[in-house]
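A.B. asks: Listed below, chain by chain, are the residues.
Protein chains: 2
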Amino acid sequence: METVAELKRDFLAFLKKKSALQEALNLVYWDIRTKIPKKGAEGRSEVIGVLAGQIFEMEVSEEMAAFIAALAPHKAELDEVTQKSLEESSRVYELNKKIPQEEFQAYSKLVADAENIWAEARAEDNFAKFEPYLTEIVAFKRKFVEYWGYKDNKYDTLLDQYEPEMTVEILDEVFGKLRTAILELREKMAKEGTRPDASGLAVRMSEAKQRAFSEAILTKMGFDFEAGRLDTTVHPFAIGLNLGDVRITTRYDEANFKMAVFGIIHEGGHAIYEQNIGRNLIGTSLKEGASMGIHESQSLFYEIILGSSLAFWKSNYPDLVKQEPAFGKISLEEFYRAINISESSLVRIEADILTYPLHIMIRYELEKALINGELEVKDLEAAWNDKYEAYLGIRPEKSSEGVLQDIHWAGGDFGYFPSYALGLMYAAQFFDAMQKDLKDVEAVLASEDYSPIREWLTEHIHQYGKLKKPLEILKDTTGEGLNPDHLIALLNQRYEFVYKLKN
Amino acid sequence: METVAELKRDFLAFLKKKSALQEALNLVYWDIRTKIPKKGAEGRSEVIGVLAGQIFEMEVSEEMAAFIAALAPHKAELDEVTQKSLEESSRVYELNKKIPQEEFQAYSKLVADAENIWAEARAEDNFAKFEPYLTEIVAFKRKFVEYWGYKDNKYDTLLDQYEPEMTVEILDEVFGKLRTAILELREKMAKEGTRPDASGLAVRMSEAKQRAFSEAILTKMGFDFEAGRLDTTVHPFAIGLNLGDVRITTRYDEANFKMAVFGIIHEGGHAIYEQNIGRNLIGTSLKEGASMGIHESQSLFYEIILGSSLAFWKSNYPDLVKQEPAFGKISLEEFYRAINISESSLVRIEADILTYPLHIMIRYELEKALINGELEVKDLEAAWNDKYEAYLGIRPEKSSEGVLQDIHWAGGDFGYFPSYALGLMYAAQFFDAMQKDLKDVEAVLASEDYSPIREWLTEHIHQYGKLKKPLEILKDTTGEGLNPDHLIALLNQRYEFVYKLKN
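Heads up: the protein sequence lines correspond to chains A and B, in order.
Mapping of the first sequence onto the numbering used here: position 352 corresponds to residue 352, and the numbering continues sequentially without gaps.
Mapping of the second sequence onto the numbering used here: position 201 corresponds to residue 704, and the numbering continues sequentially without gaps.
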């Protein structure tokens, strides 16, 4: 019979092994998207299968079940990290074990096929081709929710998997407020605003110059180049291998400096989060971001709250002009207004920050209706197009620019989209709290070192990894629950300036 | 009860899984030596431990033992690939299982420590510091040979692990001949030869130009850039992840173009080997080079036989001059003579091709004596220094340039060194056979595409992977056993020209 101390030691060793396999798998993912030669990809999928399979097997293994059963009665005797690790392991175990194995296998095969079919359907602008697959995926998801169980709303169960403790009740309220505010602001901008002139941004900037400029910003932000890398890829991402190795990627367009510069600032925010997770969480399942929404709050904090602020460009615009003098033809204010133009668009990932939440709300409402049986996949495309017309005043003419634009549903990721908008609201709330603590954030941004900002974020958010739940972090840091008012105030303030609105 | 067909299927699936883990591990190794940020390395060693541990556990598992026991009686019913895979798995199983587990663990710990101590001792030029570790390693190796068993010479057992079926009997004879020939040639060069003037090589060439020049050569050689990469590192190497992803690395010295150019040609030879292994061997333990010696024969074939030949430079020297006009101050023949200067040196990895085999023979003789109990580690440094004086006419003054220069013994790799010299002899033998088949190799080298050479190597060597034993490849390809005469003839011919020897 093992003692609790021995059990704990073995449990942590088990998690550490799982963590090492995850690190290897993440390296494989990174390599596939940055370095792998064309002919290496086919063989590498076998490696992904084996490593992902091993991780999954560990998560649902009898060994894991035995740890959970043996340690659960002794929770009070365990330190916090072991306690929370046990809770997390238990959550994942339950999630997977509640689905009958043959159904899970059928579902796994379905989504693997569906992602390929989705890509074909998108290329052909043919929703009908993808429809039967999505219909099956939704049917599985509805059934899974029954297995997993739910309280108020079936969709809550899915939300919770990406954003623990988030609910339809909360989201309906905050999204309602946010939507109203955005629509009002957009109306005012259309009626009374002056659209900025974007012609001053039509400057070619070489990849090397964009890179030099972005790296200098990353350094000021506190990205540790001894604990990370920056590479190029097709679809940019950040990935943490271990806390001393968090890699970001970008894509350069010499005709549009915004893509790489803001992309790097965004991915840098993700990476700085992981570089600063507490070392006491190494090797556990807690050495990650608290949730998708909190992770996104860090990237958006740097990209949108800081990186798109006038204060930020006051200090960085001269450096941009130094790198590429052609930018110097316009004034700082003209430049700043130009980079913050907002307009309706069909494609989420190209949207500006004022219209972006509307793209998310559309998806949220459709997902919620699908999962609750209030909408069927056969009616999805019409519903999508109607919502774009209602919220953004434009209607997709091609499926590829409409319902087929995102891969998420093909991968079965229902409940994921809201995280993007949550991240934005969290970020605005954090910024409010930070301003109270730091007093003069503008002075920090005028300096060559943004350490006070990074340190504040580490103190309140980064260090905890998954030790705290998202709403716990929010409460501890801001004293509030989810509150869209901060984002609304920021958007109003920003666009009043950008669009020269009368008061 | 499983049928033979079912057993075979399960056995191959088991090997495929092991192969996938090895691929992941090789990616980790590649990344550590090319891309990993400084602070990522510590965490990554955990990943290596887990993956290497899993591979080892599979190799000595009860599952593997069961496959071997169940399939061995049905060998005749199996196809060749499964048969040879079974033999290889069985060989590795026996190798590991014959050592008592606690001794193997003690040994593993010892070599891990010894490699660190060796690095310190080398930095401090202090053999005494390393001596107790090496003494223990040799004691283990002597004991292991008893467990593994041996026929004629104890050292044969170790040789066989790197170069199957190679023996002391064969090596003593061919090394004897080769040594005599080299010493005679060196004497002749010293007495009658004209040492080339190397001053024409003192040209700075930028990394970008060296890279462009080398990549063009790699392409002509047949290196498939869609199935590989070229990166920079500190200690260059080639590594195969899968047959569609074989990566090479190099180091650039702008003051010495030879380092990167010849290094890339060398590693390119290794990589072209693996890129052309038969697709029928994917996922098995046979999808590798036949042996260390055969692998080295491919790199040396390209580096030494082709890449250091006059015919090669006849066509490539103009391209070098085009990239870097300063090389054009000397004639092709002066250039060719200069890159082939030979002189005694203390450090193996910096040696030219004429003296290189002497460095190997010294190590071979010392290893053989150590394993057979004819030499003790306490007397090793003196023996080493004496042999350098006898064979090369120079005596190391520092351990770091003498007995401590190579890591091999610290890692327990006794029996490995001869492979380097074997590779050179194999390469010369292959060249002889190739010339008979292709008739005009010089014309191929004058062209922009060396396909006929690559195809010949693939037909006779590459495609077989580990399906054939080294001496089997040699026999099938050249009709001979190991024969140093071809290398001797090549060295004589080359150095007679380079040193303008009278006949």
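Calculated from the structure, these hints are not laboratory results.
Take these hints with a grain of salt, some might be off.
Some chain A residues flagged as far from chain B (calculated, every beta-carbon gap over 12 Å) [claimed, not checked]:
| # | residue |
| --- | --- |
| 1 | PHE144 |
| 2 | TYR162 |
| 3 | TRP313 |
Below, simulated DSBU-like cross-link-like pairs (lysine-lysine); rule was C-alpha separation at most 35 Å, straight line [said to hold, decoys possible]:
| # | chain 1 | residue 1 | chain 2 | residue 2 |
| --- | --- | --- | --- | --- |
| 4 | A | LYS109 | B | LYS542 |
| 5 | A | LYS35 | B | LYS825 |
| 6 | A | LYS220 | B | LYS542 |
Virtual Cβ for every residue (Gly too), placed ideally from N, Cα, C.
A.B. asks: Next step is simple, just say for each hint if it's right about the structure.
C.D. replies: Outcome of the hint check:
Every C-beta of chain B lies more than 12 Å from that of PHE144/A, the closest at about 29 Å, which supports listing it as non-interface. Once the 12 Å rule is applied to beta carbons, TYR162/A is consistent with being away from chain B; the minimum gap is 26 Å. Separation of TRP313/A from chain B is adequate, the least Cβ-Cβ distance of about 29 Å exceeding the 12 Å criterion. With a C-alpha separation of about 38 Å, the suggested pairing of LYS109/A with LYS542/B is violated against the 35 Å cut-off.
The straight-line distance between the Cα atoms of LYS35/A and LYS825/B is roughly 30 Å, inside the 35 Å bound, and the hint therefore holds. Among the hinted pairs, LYS220/A with LYS542/B is consistent with the structure: their alpha-carbon atoms are about 19 Å apart, no more than 35 Å.
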